[in-house]
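Sequences are here, hints too, so could you generate the full structure?
Chains as they are written, first to last, in the working numbering: chain A, 269 to 389; chain B, 23 to 157; chain C, 5 to 255; chain D, 4 to 586.
For the record, the hints were derived by calculation from the structure and aren't laboratory data. Check each hint, because a few of them may be wrong.
In silico lysine-lysine, DSS-like type, Cα no more than 27 Å apart, as pairs [stated by the list, open to error]:
no. : chain 1 : residue 1 : chain 2 : residue 2
1   : A       : Lys-274   : D       : Lys-142
2   : C       : Lys-91    : C       : Lys-76
3   : C       : Lys-10    : C       : Lys-76
4   : C       : Lys-82    : C       : Lys-10
5   : C       : Lys-121   : A       : Lys-274
6   : D       : Lys-142   : C       : Lys-121
7   : C       : Lys-23    : C       : Lys-91
8   : C       : Lys-198   : D       : Lys-142
9   : C       : Lys-198   : A       : Lys-274
10  : C       : Lys-121   : C       : Lys-198
The primary structure of each chain is shown beneath.
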Amino acid sequence: MNDPLKRSHEPIFWLLFGAGGMLAAMLGAMLVFLLAFGVPSGLLPAEALSYTTMRDFAGNVFGKGFLFAVVALFFWHAVHRIFHSLHDIGIHAGLPARVLVYGTAAIGTLIAAAALLAIGF
Amino acid sequence: MSARRPYIRPMARWYLRDPFFIEYMAHEGTAVFVWLFALELLAGLVCLALGEAAWNGFLAWLDWLPAQIANGLVLLMLLYHGITWFLILPRTIPPVRIGHARLPGWVLSAAGMMAMIAASAVLATGAWLLARGGL
Amino acid sequence: MKPQTKTVAVLRYRPEQDKEPFWQDYEVPFAEDTSVLAALNYIKDELDGTLSFRWSCRQAICGSCGLMIGGKPRLACKTFLRDFEGKVTVEALAHFPIERDLVVVMDDFIAKLERVKPWLMPREERAPEDGEYRQTPQEMSLYEQFAGCINCGLCYAACPQVGLNPNFLGPGAIALLHRYNLDSRDGGSEERMKLISAELGVFNCTAVGYCSAVCPKIVDPANAVNVNKMNSARDYFFRFLPRPAPKGGCQ
Amino acid sequence: MKVRVFKADVVIVGAGSAGLRAAIAAAETDATQTVALVSKVYPMRSHTCAAEGGAAGVVDAKDSLDAHFYDTVAGGDWLCEQDVGELTRIEHWGCPWSRRDDGRVNVRPFGGMKNERTWFAADRTGMHLLHTLFQTSLKYPAIRRFDEYFLIDLVVVDGHARGVLVVEIASGEYTLIEAGAVILATGGATRVFRENTNGGIVTGDGMAVAYRHGVALRDMEFVQYHPTCMPGTGLLFTEACRGEGGLLTNRDGYRYLQDYGLGPVQDAPRNKFMELGPRDRLSQAFWHEMQKGRTLDGPYGPVVHLDLRHLGAARLAERLPQICELAREFMGIDPVTAPIPVRPAVHYTMGGINADADGATTLPGLFAIGECSSVGIHGANRLGSNSLSELLVFGRRAGEAATRLAREATPASAEALLAQAEAAAHPSRALLREDDRERIADLRRAMAQTMEDGCGIYRTEASMQATCDTLAELRERFRRVTVTDRSSVWNSEWFTAIELGYQLEVAEAMAHSALNRRESRGAHQRLDFEARDDAQFLRHSLAYRQADGAPQIRYQDVNITRLPPAVRAYGAAGLAAEAGEKA
Ligand SMILES: Cc1cc2nc3c(=O)[nH]c(=O)nc-3n(C[C@H](O)[C@H](O)[C@H](O)COP(=O)(O)OP(=O)(O)OC[C@H]3O[C@@H](n4cnc5c(N)ncnc54)[C@H](O)[C@@H]3O)c2cc1C
Ligand code: SF4
Ligand code: F3S
Ligand code: FES
Chain A
269 MNDPLKRSHE PIFWLLFGAG GMLAAMLGAM LVFLLAFGVP SGLLPAEALS
319 YTTMRDFAGN VFGKGFLFAV VALFFWHAVH RIFHSLHDIG IHAGLPARVL
369 VYGTAAIGTL IAAAALLAIG F
Chain B
23 MSARRPYIRP MARWYLRDPF FIEYMAHEGT AVFVWLFALE LLAGLVCLAL
73 GEAAWNGFLA WLDWLPAQIA NGLVLLMLLY HGITWFLILP RTIPPVRIGH
123 ARLPGWVLSA AGMMAMIAAS AVLATGAWLL ARGGL
Chain C
5 MKPQTKTVAV LRYRPEQDKE PFWQDYEVPF AEDTSVLAAL NYIKDELDGT
55 LSFRWSCRQA ICGSCGLMIG GKPRLACKTF LRDFEGKVTV EALAHFPIER
105 DLVVVMDDFI AKLERVKPWL MPREERAPED GEYRQTPQEM SLYEQFAGCI
155 NCGLCYAACP QVGLNPNFLG PGAIALLHRY NLDSRDGGSE ERMKLISAEL
205 GVFNCTAVGY CSAVCPKIVD PANAVNVNKM NSARDYFFRF LPRPAPKGGC
255 Q
Chain D
4 MKVRVFKADV VIVGAGSAGL RAAIAAAETD ATQTVALVSK VYPMRSHTCA
54 AEGGAAGVVD AKDSLDAHFY DTVAGGDWLC EQDVGELTRI EHWGCPWSRR
104 DDGRVNVRPF GGMKNERTWF AADRTGMHLL HTLFQTSLKY PAIRRFDEYF
154 LIDLVVVDGH ARGVLVVEIA SGEYTLIEAG AVILATGGAT RVFRENTNGG
204 IVTGDGMAVA YRHGVALRDM EFVQYHPTCM PGTGLLFTEA CRGEGGLLTN
254 RDGYRYLQDY GLGPVQDAPR NKFMELGPRD RLSQAFWHEM QKGRTLDGPY
304 GPVVHLDLRH LGAARLAERL PQICELAREF MGIDPVTAPI PVRPAVHYTM
354 GGINADADGA TTLPGLFAIG ECSSVGIHGA NRLGSNSLSE LLVFGRRAGE
404 AATRLAREAT PASAEALLAQ AEAAAHPSRA LLREDDRERI ADLRRAMAQT
454 MEDGCGIYRT EASMQATCDT LAELRERFRR VTVTDRSSVW NSEWFTAIEL
504 GYQLEVAEAM AHSALNRRES RGAHQRLDFE ARDDAQFLRH SLAYRQADGA
554 PQIRYQDVNI TRLPPAVRAY GAAGLAAEAG EKA
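Shown next, in the form of structure tokens:
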């Protein structure tokens, strides 16, 4: 920090972090449950995760939006916290670590977008 | 020359100094599991895009016992994330007032957790309806 | 009857003699109402005149006597020996440089308070003859709690981000800044925004929240810091738009 | 010994509300000058922060300046001069004064005042006032603070105060601050007593320093006891407790104040009646109850009850939060469900450095304001909430007057100043010597005890004489006092020793002034001279230091401009007296 009065660009990442955190708090646990245990537990019928159901869901505009938001925002939420935790435990990595950590979120976001586009409408 | 020689104490392992900090590190740590879950979902999306065979491979992975155990852990961590997120909430949003009095933090936390339960229920219902071909 | 005694372990440091701090035990008589400050004064008067610490009011209002007691930031004058099992440890406030014994260097903390421009920048100038500014109890209740800060520094000793990055403006100073921003008489929010949004500003905070947990005056500095993240974010994205009102507060 | 030099135009010692107000006034009068502001603690630690109740200022239409003048003078037993406040300015600087629903400043009743005129900020008035002033002072670049610098002495050249010698507490290094005018705003001295409401820093430093330079200490015999304090620690339960309707009861649950000319009993709080009578009367009533065996016994001696229960939890939480916190934390008592045991403790020094309405003293270039001064408004008994107003009014006047004086002052020679400063540093260095004979704590305890024994709520010739003798002996013993700490960084033991030296001098001035006043007036009550004696003693006392031996006590006429002396009565008798006067 050479000029401590320089404007911080943190708001961008912080907003993504906050949005992802809120989404994960509201729905995260239930999403994991539905995906991993929904069918085995008997809560969901077996066809819930079938290829056609999921394709239809991902083909729908709202479904697409939902899936994209969940994947991307979860990534951005997670990397923000992870980066700060690195700082907390004394790894004051600078730009390279930032690029590495936030990079996973950026790449994840791009891949998610590509996959969703590939699935088509 | 002044004899002042201020001593600066090290910060090493500060997070073990106080139970409060241990809890903080624990809830920050949930981020790793959020990240893993995002990765899992991403993998599923890619499989979905690659076609039915790939998707079924993904479903098989979900049924694999080690993956089930891992997902169980992720589930617990996301639950912990949700609860702590709402416990912190009163510190992070502008105070809510009724008249002059500021609503106590626990009311906001409780409201948040109710919202979490409600949203989860809506999500589960939606998924169920979707599977039934409804919606 | 022999009075009860308790061991008080004090972290000593005399820059002219000691390379680094060391623990020293003192045996102190105590009653139900013996505060840690009273114990320290007993040590100074009766056992060891060379022990240095700050104090004055004895009633939790001057903000002098912040110390780590039992490992937590507390005011010595309103912490009582009765509340500790066995030995009581007393140490200078964490995250501040130790000047000597229990006295820390406050310069940087005070400079941060000065930096937030903690004075009323009137929205509308007024002479004393024109009488007071009107402010309803409702308007006052918005900032009143933040005005209760006594600058004791406990929140700095609680906040690990202050310890990790001494540049961070810190919870107390931001609470003070927030106090003026929320005052209906004040129009200086925009001027103070630069500081909030700077690299030394609110985004150093990771919402640990311990600052508010230890605050002896229920100021809730964590709230001041975190609410200003939102204010700063709004400023970040909308700074190029014409501003509707000069007041930057979010409520 | 090296002495650093700093050149200022005005130097102010003390950064409580008085000092801060003066600094702001000086900076506003002339923004180009340098105003050095010295304090042995960070400004917001100054003892003003402890004031709870409020500050007097006339805002209500039904009130008037004349009425405030009358109350102040009557409360001060006709030893007062005049003036009243600039609280609006403080409001403009952001002070969170409590408000009415329409947004105007709210006022509350206070003891000895007929109308509600006390401005308050919850029960943290002093804290809010002090912080507002400190924070406001930050916007003036002319003000250069010396936080945690300790006043050692005045530097006087050719009979003119030219600056101060201070020590930086953190490093133990001396600095000479040169200036054309010096303002002392170092606060009170009640720490010379045992049980008292004041903080540890209230040790009369400025009074002693001025006194050593030949300035008289005026009216030092008048020391205020506050009637409702925590036994043991002496912590104060503000007068606002009674303003809000708190009751004082003895061991029989009886509101004993009605037996001491403060009745009849009122259902609602009524100004100048019962619990809202002046402090001296209330403290004296306690003493009489104690003599009659009608007090209760507590672990720290006799107490009476301050009963707030009937106010209810909600009102207590809103109006008196700090009081409730004090009682709960320090005494384990919840005022909502139990009465609070209280007793009188020393609270305020009415007397101080003899100064005029600009704060100017008899030593050219030296000003004194705030509790360390005696500008004459408190007389023999200060009314609650008058002193915060005093800080502001006289702080401002002195800041302006000192600026004018500094502008005109011809500079003294730098060598003469430095030589003076070096000489002044010697006595303080001398305390750091090897021999091990008298302990600071022993001397301090003996002083506080003898002051309480001899100069308490009621005094007699014999008790005061004994105190004077003990103090003389303590002064002798102080020559052999030992500081065990030899370091230069934050050597607090050294400063404690210097403070003790200051305290002993101030205590002597108090005791001798008291011994010489052969009458009872306000806070000075003698069992051997029970009546007020206007013929002989309607005069200010002036204590002058003598190089060795007891102070010399002289008298100065009171400047009576408007109100002739009359009977000082409260309660029903007060109403009767007032009616008689108007007739
Ligand atoms: C518990 C309590 C409650 C009170 N309530 C009220 C009330 O409700 N209403 C009211 O009107 N009054 C009240 N008073 C009285 C009032 O608070 C004081 O009279 C007033 O605050 C004194 O202010 P000051 O500026 O003169 O001094 P202080 O605020 O005491 O400041 C003294 C300053 O001098 C400095 N100083 C002293 N010695 C040295 C030295 N050697 N070197 C350098 N600096 C030095 C200190 O650091 C400090 O900055 C109360 C007092 C107490 C104790
Ligand atoms: S916010 Fe609280 S803990 Fe921090 S300085 Fe102010 S009073 Fe102390
Ligand atoms: S403890 Fe520190 S990290 Fe933030 S919430 Fe408080 S400032
Ligand atoms: S001594 Fe003043 S806050 Fe503890």
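Evaluated hints:
1. Lys-274(A) x Lys-142(D): Between Lys-274(A) and Lys-142(D) the Cα gap is close to 23 Å, so the pair holds against 27 Å.
2. Lys-91(C) x Lys-76(C): Since the Cα atoms of Lys-91(C) and Lys-76(C) sit roughly 14 Å apart, the hinted pair holds (cutoff 27 Å).
3. Lys-10(C) x Lys-76(C): holds, 19 Å
4. Lys-82(C) x Lys-10(C): holds, 17 Å
5. Lys-121(C) x Lys-274(A): Distance ~18 Å between Lys-121(C) and Lys-274(A) Cα, so the pair holds.
6. Lys-142(D) x Lys-121(C): holds, 7 Å
7. Lys-23(C) x Lys-91(C): holds, 25 Å
8. Lys-198(C) x Lys-142(D): holds, 18 Å
9. Lys-198(C) x Lys-274(A): holds, 9 Å
10. Lys-121(C) x Lys-198(C): Roughly 11 Å separates the two Cα atoms, so the pair holds.
The structure agrees with every numbered hint stated previously.
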